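Colleague: As a plain string of letters, each chain reads:
Protein chains: 2
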Amino acid sequence: MFRACCPIKSGRFYSSLTVKSLYEQVHRARHDSISIHGWIKSIRILKRVAFLDLQDGTSVNPLRIVVPLTTTDDAQFLKNLKTGQTLSVSNAVWQDTPNREQPFELQIKRPIDSIQLIGPVSENYPLQKKFQTLPYLRTLPTLKYRTSYLSAILRLRSFVELQFMLYFQKNHFTKVSPPILTSNDCEGAGELFQVSTNQSSTASSYFGKPTYLTVSTQLHLEILALSLSRCWTLSPCFRAERSDTPRHLSEFWMLEVEMCFVNSIQELTSFVETTMKHVINACVDNQEELLPKQFVSLQEDEASSRPSLDQEKQQIKSRWQSLVNEEWQTITYTQAIEILKKHHNQDLHFQYEPEWGQPLQTEHEKFLAGEYFKSPVFVTDYPRVCKAFYMKQNSTPNDTVACFDLLVPGMGEIIGGSLREDDYDKLCKEMKERGMNESGELDWYLSLRKEGSAPHGGFGLGFERFISYLYGNHNIRDAIPFHRTSTGSINF
Amino acid sequence: MFRACCPIKSGRFYSSLTVKSLYEQVHRARHDSISIHGWIKSIRILKRVAFLDLQDGTSVNPLRIVVPLTTTDDAQFLKNLKTGQTLSVSNAVWQDTPNREQPFELQIKRPIDSIQLIGPVSENYPLQKKFQTLPYLRTLPTLKYRTSYLSAILRLRSFVELQFMLYFQKNHFTKVSPPILTSNDCEGAGELFQVSTNQSSTASSYFGKPTYLTVSTQLHLEILALSLSRCWTLSPCFRAERSDTPRHLSEFWMLEVEMCFVNSIQELTSFVETTMKHVINACVDNQEELLPKQFVSLQEDEASSRPSLDQEKQQIKSRWQSLVNEEWQTITYTQAIEILKKHHNQDLHFQYEPEWGQPLQTEHEKFLAGEYFKSPVFVTDYPRVCKAFYMKQNSTPNDTVACFDLLVPGMGEIIGGSLREDDYDKLCKEMKERGMNESGELDWYLSLRKEGSAPHGGFGLGFERFISYLYGNHNIRDAIPFHRTSTGSINF
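For the protein sequence lines, the chains are P and A, in the order given.
If you read the first sequence in our numbering, its first letter stands for residue 362, the second for the next number, and so on.
If you read the second sequence in our numbering, its first letter stands for residue 362, the second for the next number, and so on.
Certain hints may be false.
In this list, chains with the same sequence are indistinguishable; a pair is considered to hold if it fits within one copy or across any two.
[To be verified] Below, computed lysine-lysine pairings styled on PhoX-like, alpha-carbon distance capped at 25 Å:
#1 Lys638 - Lys531
#2 Lys793 - Lys674
#3 Lys735 - Lys531
#4 Lys787 - Lys570
#5 Lys811 - Lys787
#6 Lys787 - Lys753
#7 Lys570 - Lys674
#8 Lys654 - Lys703
#9 Lys702 - Lys727
#10 Lys748 - Lys702
#11 Lys531 - Lys793
#12 Lys811 - Lys440
#13 Lys735 - Lys790
#14 Lys570 - Lys793
#15 Lys811 - Lys443
#16 Lys440 - Lys787
#17 Lys703 - Lys793
#18 Lys703 - Lys638
#19 Lys654 - Lys531
#20 Lys674 - Lys727
#21 Lys654 - Lys674
I should point out that these hints are in silico values taken from the structure, not numbers from a laboratory.
Computed from a prediction, not measured in an experiment: that's the story for all the values here.
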């Protein structure tokens, strides 16, 4: 009898096998009589044998079960099974198949005795093998992650989060949980969700003042970094933007890092590059388990010109490999504007004319990373007026701040970071110029510059953007289950 | 020159040492000339030598720096330093001190050249070594985690989260991110926070219908478990309760697990016990790094009868050890009521009389775990009417559901879990009896029982309660930075 890799205790432990655990048993000593559960992915019935592919969502690999058809009852039993049904299979025997793509099969002898239907499906079960397009699957929020293709992105996300966690732990960062409910708006962006109790009409009655959902936990992280030296979080953040694009969500998770004793933007970008490469390298090492196979039941995509899934898998693998191998570019904002201006005048026409002092638009970001450098690129030292109040002011170039955005091909910005202004007087002056802190609501933040301050900085990574980028830049809405956007209503 | 354990790249990497990295270097080959940053924890100036204890929040251990005083300038320089200031120390030399509690010291020769003050403190810097009580520290939200005692709880939390993550990954669980914004209230508890945009007066204008902050992600997790077999999350949850106790928060993080193919409540409690013991065992293995030392600068507590910190550390260690070694108890709700009734009539008087059909009160829970069993105890099979609509109904005992609460000494309930009703008709009937789903808002949830359903169950662990329990049951508000409660206003 197989055992799952969980520790087993006194017979009553939750010890059911997973498909993943069977793949982990390949090349090990094996016994017979395997019991396993899963959902029917496909059935192929030939004259004397049937092939039943099960999946259970723990692995990108399905599990092939070979069923001999010796009686007409057997054949009829198999014919009655349907895609999507939940089965419990017992008394299956392991069979090595070293020359096939799947290195083993399970064989069962008497289907009627060994296969138990534990979860039927309706006549109109929508996840049939054929005609599954991404736009169609996105209309099935309760079922779409039963496909190999979309469940793989959730497992990738889980894997990537673990890799970050291991890396930060090894480097002495403490993971912290700054608040979601806050009375400040961090960057002053103004696109806030307000919170009230359903027993009261005014937001201030519960917590004593207007309360919002956080747009960034950075200001709180600065407090913690000045206690712990290095900290990070992966927290939900909320922006009531009206942007309806494949790269915006109203509710998204942001990985934010804040660290002390960092003195230059180059130290920060170098740390980001090393961290990201470490995580992507772990993806490369596990790519066969992370990326769906060619035989996934997804036959077309929204864009008919898309490559086949097999080609796409190869492209993703190459992308990951080159992300790890190549040195990422770094340019200043001023250099970026020069490049953009040159191409705007020569061979391109941007919707927004590139001009020093103006923010980079998504079209500019995508051009720089996707077409010009064909690589992730750090753009540093933006004009002070383009960025948030807390960024450290450079002595040169004039009127710029020590910050960076990381732009990646196809997606644009996925990370923004900066050194934080630790000069109390400069920070006061900047806030005053922006009309901030008029009633002292950020005095607590200013006080950090008076009491055991330290040079510090950090960055925020849009987690769904990164996952979506790794998975092929389809749509950020596939990278989080039950996405929330300005145009979608919340059905549950 | 020392290097941090981060990979180093082309000289510009963020490679500053941490105190933790120095402790990791004990027993390894070492070189001279160490540079390090940190905050002054204490200074002791003798006639010919001064001892400077630095901390940087990466380790429970401080770093002792020995400074010879050869000139009057040296002595004056040291006398001007103050607790809480940020220093940059360079040219320090490693010195083994194998017979002392701290196995090494750093020595510097010329303090004026080697010690740089990079962050001053104000005259009234509140974190002086003496007179730090927990209630006083809690009034200093921007500074309190600079104490060894309170920073240790954040590092413990980070460590525990990593251990859960590793355990679940090894057991083929996918970590998922269900939504915080939702239109359903899960358990029908009604203590909801409502969300609106600050540009609009009605909540429905942004997402098309009233939108709330999640109280539990379970219903969404059920969708994902029926896709991935095993999933978990650690997500913020929100309850607009009026409970002002050391065990309630308005915003808290809940670790929720949902898994398929589990058929009995014993499988579930056994899985919980194994998981928790695995995590606690990792704490035991790292207890010297996780628990603050005796010489922490915390001299009294709110209760003058509290044991000294050293005694308390021993108590926590014993508690962790016995949590791992002893078998946790399991009783049914019916047995719990019998025990409570017996003691209520004999030697105790509860405020609420124990009676079958009524919920267990915190006083009952604390008695069972803390006084009767003196151990964590699973209470199973509560009356149907005491629990949520989705719990699986038992055939026997009559009118009970297949659920459990895990009660622990001093805290009461920290986990609640159940099998989920997977019989479509029973679930419909139960919802109807409770007046739920009248306009079909939970049809999506019911549909899961029609389309490839599976027996499944799960549980939710209040993360701050667990951390607080591990750390000595002080106050849940220390286990999360910037706690949100019904009585506290949100200052930032």
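Colleague: For every hint, state whether the structure bears it out.
Modeller: Going through the hints against the structure:
{"no.": "1", "hint": "Lys638 - Lys531", "in the structure": "both (15 Å within a copy, 23 Å between copies)"}
{"no.": "2", "hint": "Lys793 - Lys674", "in the structure": "neither (52 Å within a copy, 48 Å between copies)"}
{"no.": "3", "hint": "Lys735 - Lys531", "in the structure": "neither (31 Å within a copy, 37 Å between copies)"}
{"no.": "4", "hint": "Lys787 - Lys570", "in the structure": "neither (29 Å within a copy, 45 Å between copies)"}
{"no.": "5", "hint": "Lys811 - Lys787", "in the structure": "within (13 Å within a copy, 63 Å between copies)"}
{"no.": "6", "hint": "Lys787 - Lys753", "in the structure": "within (9 Å within a copy, 62 Å between copies)"}
{"no.": "7", "hint": "Lys570 - Lys674", "in the structure": "neither (51 Å within a copy, 39 Å between copies)"}
{"no.": "8", "hint": "Lys654 - Lys703", "in the structure": "neither (43 Å within a copy, 62 Å between copies)"}
{"no.": "9", "hint": "Lys702 - Lys727", "in the structure": "within (15 Å within a copy, 70 Å between copies)"}
{"no.": "10", "hint": "Lys748 - Lys702", "in the structure": "within (21 Å within a copy, 65 Å between copies)"}
{"no.": "11", "hint": "Lys531 - Lys793", "in the structure": "neither (40 Å within a copy, 52 Å between copies)"}
{"no.": "12", "hint": "Lys811 - Lys440", "in the structure": "between (76 Å within a copy, 20 Å between copies)"}
{"no.": "13", "hint": "Lys735 - Lys790", "in the structure": "neither (40 Å within a copy, 59 Å between copies)"}
{"no.": "14", "hint": "Lys570 - Lys793", "in the structure": "within (23 Å within a copy, 39 Å between copies)"}
{"no.": "15", "hint": "Lys811 - Lys443", "in the structure": "between (68 Å within a copy, 13 Å between copies)"}
{"no.": "16", "hint": "Lys440 - Lys787", "in the structure": "neither (76 Å within a copy, 30 Å between copies)"}
{"no.": "17", "hint": "Lys703 - Lys793", "in the structure": "neither (37 Å within a copy, 68 Å between copies)"}
{"no.": "18", "hint": "Lys703 - Lys638", "in the structure": "neither (31 Å within a copy, 63 Å between copies)"}
{"no.": "19", "hint": "Lys654 - Lys531", "in the structure": "between (33 Å within a copy, 22 Å between copies)"}
{"no.": "20", "hint": "Lys674 - Lys727", "in the structure": "within (22 Å within a copy, 55 Å between copies)"}
{"no.": "21", "hint": "Lys654 - Lys674", "in the structure": "within (8 Å within a copy, 52 Å between copies)"}
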